[in-house]
Amino acid sequence: MLLRHTPTEIKERSALNINPAKTCQPIGAMYAGLGIKGCLPHSHGSQGCCAYHRSTLTRHYKEPVSAATSSFTEGASVFGGQANLLQAIENIFSVYEPEIIAVHTTCLSETIGDDLNQIVDKAVKEGKVPDGKQVIFASTPSYVGSHVTGFSNMVKGMVKCLAVSSGKKNGKVNIIPGWVEPADMEEIKRIAGMIGVSFTMFPDTSGVLNGPLTGEYHMFPDAGTPAEDIRAAGDAIGTLALGEWCSADAARTLDSQCKVPCRVLDMPIGLKATDRFIDALRVVAGTSVPDTVNFERGQLIDVISDYHQYFFGKKVALVGDPDQLIALTEFLLTLDMQPVHVVTGTPGKKFEARIRELCAGKGFDVNVRAAGDMFLLHQWIKNEPVDLIMGNTYCKYIVRDEDIPYVRFGFPIMDRVGHQYFPVTGYKGGIRLMEKILGVLLDRADRDAPEEKFELVY
Amino acid sequence: MTTLKTDPGVDLESFVDEVTSLYPPKVAKKRRAHMVVRKDGDPGLAQQIEANTRTVPGIITQRGCCYAGCKGVVIGPYGDMVHIVHGPVGCSFYAWLTRRNQFRARGEAGKNYLSYCFTTDMQDEDIIFGGEKKLAQAIREAAAIFRPEAISVHATCPVGLIGDDIQAVARELSKETGIPVMAFNCEGYKGVSQSAGHHIANNKIFDMALGTREREAGRFSVNVLGEYNIGGDAYEIERVLEKCGIEVVATFSGNSVYEDMCTAHSANLNLVMCHRSINYLAEMMETKFGIPWMKVNFIGMRSMSQSLRKIARYFDDAALTARIESVIAEEEARAETALAAYMPGLEGKTAMLFVGGSRAHHYMHLMRDLGMEPLVAGFEFAHRDDYEGRRVIPTIRVDADSKNIEELKVTADPERYRPRLDPAYREQLEREGLLSSYEGMWDDMGEGTLVIDDVSHVEIEKLIHRMNPDIICSGIKDKYVIEKFGVPCKQLHNYDYSGPYAGYEGAVNFARDVYAMIHSPAWKLTRSPFDTGPTLTAGLND
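Going line by line, the protein sequences match chains G and R. Under UniProt numbering, the first residue of the first sequence carries the number 1, and numbering increases by one thereafter. Under UniProt numbering, the first residue of the second sequence carries the number 1, and numbering increases by one thereafter.
No lab work stands behind these hints: they were computed from the structure. Please read these numbers as outputs of a predicted model, since none were measured by experiment. Among the clues, some could well be false.
Once the Cα atoms are required to be at most 27 angstroms apart in a straight line, the calculated DSSO-like pairs of lysine-lysine come out as [claimed, not checked]:
hint	chain 1	residue 1	chain 2	residue 2
1	R	29	G	125
2	R	524	G	11
3	G	396	R	29
4	G	259	G	315
5	G	62	G	382
6	R	349	G	62
7	G	128	R	133
8	R	26	G	11
9	G	122	R	111
10	G	128	G	314
11	G	128	R	524
12	G	11	G	172
13	G	314	G	436
14	R	462	G	133
15	R	524	G	125
16	R	524	R	30
17	R	111	G	382
18	G	453	G	11
19	G	349	R	111
20	R	524	G	62
21	R	462	G	62
22	R	111	G	128
23	R	349	G	128
24	G	122	R	524
25	G	382	G	396
26	G	133	R	111
27	R	26	G	122
28	R	133	G	11
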């Protein structure tokens, strides 16, 4: 047993987090920064953080993840990291020539209280930032929130440092997709394109973290949202923020900073959340939904109807990030499944309330915990077994011990391919999720059926 | 020393000038000192490299931090201990199962916590009001739920800054729980790399655990120091040593339990694999207990055999020597048969190695066994002695960035110090360079090779463009950068999830993996047929 020491009996813990269902802020900021065209993320802290964040993103994407670091020493940790950051900015622009550097912080620089605003200002005044290039920044203390918070903070940083209102609206809609995969960003753009909306999406990692192999390496692929587009986001007619945890802060900041009205929606995962997203796009753009979109929607309904009997009543354990889990929970409920255990490591009581609200009156009790961990999830599963678990790669240890059908979902997925190339958002993504769930459920039925009950057709 | 068979046709001195000219002048001067073009016939005394100095901010280094060197590398592999990371969640999360140090629990009821990740998950209130109480409570909870053999506590960046006294908490909770609690002040900003963490881990093992329990060890007993059982390397090493009749008391720290850490002083010889991470412990054990150490290399068939012969020479026993020779003959013959399929596809292939603090050297021997040629090599965080040999240690100046890493004062144990060798024989072995000696990487690199310390991203890019190697050995952060160029990258930290690569079986595994990688169809398919054909075709039928 891989997790042989996990007891069934649950004792409340107040200090020890075991098998965390989250990681720390800066990796989210790094991921967001990679969604700007020509951007090099920069970690203002000691270099271990940067190495770890790059490694984790690389293990997830099997792609280059470039980022620089201030490489704090003990001296800098006592006297401040200004000199390190100034030197880094100079070196980065002269050696790697990015269009933009997106600086985030760590628990080290946050604890000592380095003032990024002041340091970046000094870099500009000292001519360390070449003409036409820029340095944006966000404060991302690792001891607050989670990686999701870090993502949100950097997206907010993009708005704060770049977006301006010229006083003249440009007719575009901003879409802030939240922490979804490059394939999902591609899908969200495709859907918005089908609706006929003129939009700017940021950040956008499609083409950056799912790029081709051509024999040539480009540190800055021809992808990502151009900085000038984010600047012009201040002139948009509205913003659709997908996910309260990932995107709402940036959208509200844009509203107060540039008077761009915003609406916060769920991530478009599953039928109903996709319906609401498309409806919002239609309304904001004043267009009608084309048949092609309804056709895709109908395909999703068709699969639900064809295979409903295998979803019905199945108990599911979920672990991951709040925005994804809220939408996923709703989708599983649409399929008549029962998400009985739901854990996120990211704090926020609103999460628990939202999951309870979604599951209310569905005929089962839900265990839900924000700021929970995977040790607790495993104990819940031992007490009330499930038919399926959905979560990141670390679930595989529970899965093997408890012999549960398993669909990889969320971040990080370090042992399979697919998440960077095929979306889970939109109607197409809904079909893909169902395909994956059915795959593991029916494989299990095939594995366990007595020979005389083994079926050819499902 | 060997010289290149394959001349890459690059004037290395001007190449180095060209690469460093990409940097602002001050940085260029600094980086230049970290690059040495090896000259033939230089015994390593005239040439000198700069190493173990601070990383240039913004340069895109491969390096990690002190915490990674301590918890991630040296202490993390102990499987029956609970390792608690005192800090915000990230440090523990990123080191959760990402280094492939394999571990087998001792027996059916044996403890194994390696699949778990433990952290105090510090919040902003812990930063403001201090995290000592939370740490104490976390240790209590770990002790109550798991009853491990021992608990380790690892400090992360903010812990040192806010002044949490983790040593005091550890002492107090050791008493309260009855479980040994070892606290490591391995804050990420200490030193300039992982290296500081190795030293801190060595000190604490020596100070708190080593020699605290007794065990009977046989005459031919050894410890394997600096072997972390990545991909099962230690299993293969143990298999061969045991077949030779050599008893392994403890490995530091692959496939190890807390007990091993406490009883290792009972062995009669220390074998040092990774010199960088564990030479401190080897030195201190010799001073305190009288256990000599020798550098070995179990990577590559010939180095493995050579290392076994060194061990035979040390124990100086006819029966043992005969047994070792018969094991060598049998194992080499079997490996050579298995290698025959791959050798023709590897002969003459050129390589570059940029790995941590020891493998860039160890794997050169294996590559040469396979007919491959290392053109360029470097370490992330090794010191000058790992490049130039231990003879330069007296000339190494500890700079301001590393001076706060404690050096323990060690003296002979009045009761337990026991010289393992007759003084005359010891002197003879020392003269032969068998004891307390490491020649360093560049003794094995000849004319026309390049050594680069703490290589940066841009330097690797330029090397690929100019020298077009057949393969580069590096880590996860570089792998996909290198492969976008169409050059295969063999990860020599995690072996691309394969292994073992040590010993005789490892040599065959490595050859197979590298052969498959170099000859993957992917590299020949990168050019699309639509780009090369004529833009206009007359029809579909011709």
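So, going through the hints one by one against the coordinates:
The straight-line distance between the Cα atoms of residue 29 of chain R and residue 125 of chain G is roughly 26 angstroms, inside the 27 angstroms bound, and the hint therefore holds. For the given pair, residue 524 of chain R sits about 57 angstroms from residue 11 of chain G by alpha-carbon distance, which is inconsistent with the 27 angstroms threshold. Distance hint between residue 396 of chain G and residue 29 of chain R is unfulfilled; the C-alpha atoms sit about 49 angstroms from each other, more than 27 angstroms. For a cut-off of 27 angstroms, the pair hint linking residue 259 of chain G to residue 315 of chain G is broken: about 45 angstroms separates their Cα positions.
This hinted pair does not check out: residue 62 of chain G and residue 382 of chain G have alpha carbons roughly 34 angstroms apart, beyond 27 angstroms. For the suggested pair residue 349 of chain R and residue 62 of chain G, the alpha carbons sit about 25 angstroms apart, so the restraint of at most 27 angstroms is met. Pair hint residue 128 of chain G plus residue 133 of chain R does not hold up; C-alpha atoms about 44 angstroms apart against a cutoff of 27 angstroms. Between residue 26 of chain R and residue 11 of chain G the alpha-carbon distance is near 58 angstroms, which puts this suggested pair outside the 27 angstroms criterion.
For the given pair, residue 122 of chain G sits about 54 angstroms from residue 111 of chain R by alpha-carbon distance, which is inconsistent with the 27 angstroms threshold. Of the supplied pair hints, the one linking residue 128 of chain G and residue 314 of chain G is violated, its CA atoms being roughly 59 angstroms apart against a limit of 27 angstroms. For the hint linking residue 128 of chain G to residue 524 of chain R, the alpha-carbon distance of about 43 angstroms lies beyond 27 angstroms, and the restraint is violated. The suggested pairing of residue 11 of chain G with residue 172 of chain G is violated, with an alpha-carbon distance near 53 angstroms, which exceeds 27 angstroms.
At most 27 angstroms may separate the alpha-carbon atoms for a hinted pair to count; residue 314 of chain G and residue 436 of chain G meet this at roughly 15 angstroms. Restraint check: the Cα-Cα separation between residue 462 of chain R and residue 133 of chain G comes to about 25 angstroms, which is no more than 27 angstroms; the hinted pair holds. Of the supplied pair hints, the one linking residue 524 of chain R and residue 125 of chain G is violated, its CA atoms being roughly 49 angstroms apart against a limit of 27 angstroms. A C-alpha spacing of about 39 angstroms is found between residue 524 of chain R and residue 30 of chain R, which places the hinted pair above 27 angstroms, so the restraint is violated.
For the hint pairing residue 111 of chain R with residue 382 of chain G, the CA-to-CA distance comes to about 20 angstroms; that is within 27 angstroms, so the pair holds. Of the supplied pair hints, the one linking residue 453 of chain G and residue 11 of chain G is violated, its CA atoms being roughly 42 angstroms apart against a limit of 27 angstroms. Pair hint residue 349 of chain G plus residue 111 of chain R does not hold up; C-alpha atoms about 36 angstroms apart against a cutoff of 27 angstroms. Among the hinted pairs, residue 524 of chain R with residue 62 of chain G is consistent with the structure: their alpha-carbon atoms are about 20 angstroms apart, no more than 27 angstroms.
Distance restraint check for residue 462 of chain R and residue 62 of chain G: the Cα-Cα separation of roughly 22 angstroms lies within the 27 angstroms cut-off, and the hinted pair is therefore satisfied. With a C-alpha separation of about 55 angstroms, the suggested pairing of residue 111 of chain R with residue 128 of chain G is violated against the 27 angstroms cut-off. Under the criterion of a C-alpha separation no larger than 27 angstroms, the hint pairing residue 349 of chain R with residue 128 of chain G is inconsistent with the structure, at around 43 angstroms. At most 27 angstroms may separate the alpha-carbon atoms for a hinted pair to count; residue 122 of chain G and residue 524 of chain R exceed this at roughly 49 angstroms.
A distance of roughly 15 angstroms separates the Cα atoms of residue 382 of chain G and residue 396 of chain G; the hinted pair therefore holds under the 27 angstroms criterion. With a C-alpha separation of about 55 angstroms, the suggested pair residue 133 of chain G and residue 111 of chain R falls outside the 27 angstroms cut-off, and the hint is violated. For the hint pairing residue 26 of chain R with residue 122 of chain G, the CA-to-CA distance comes to about 20 angstroms; that is within 27 angstroms, so the pair holds. A distance of roughly 19 angstroms separates the Cα atoms of residue 133 of chain R and residue 11 of chain G; the hinted pair therefore holds under the 27 angstroms criterion.
The structure shown violates the earlier hints numbered 2, 3, 4, 5, 7, 8, 9, 10, 11, 12, 15, 16, 18, 19, 22, 23, 24, 26.
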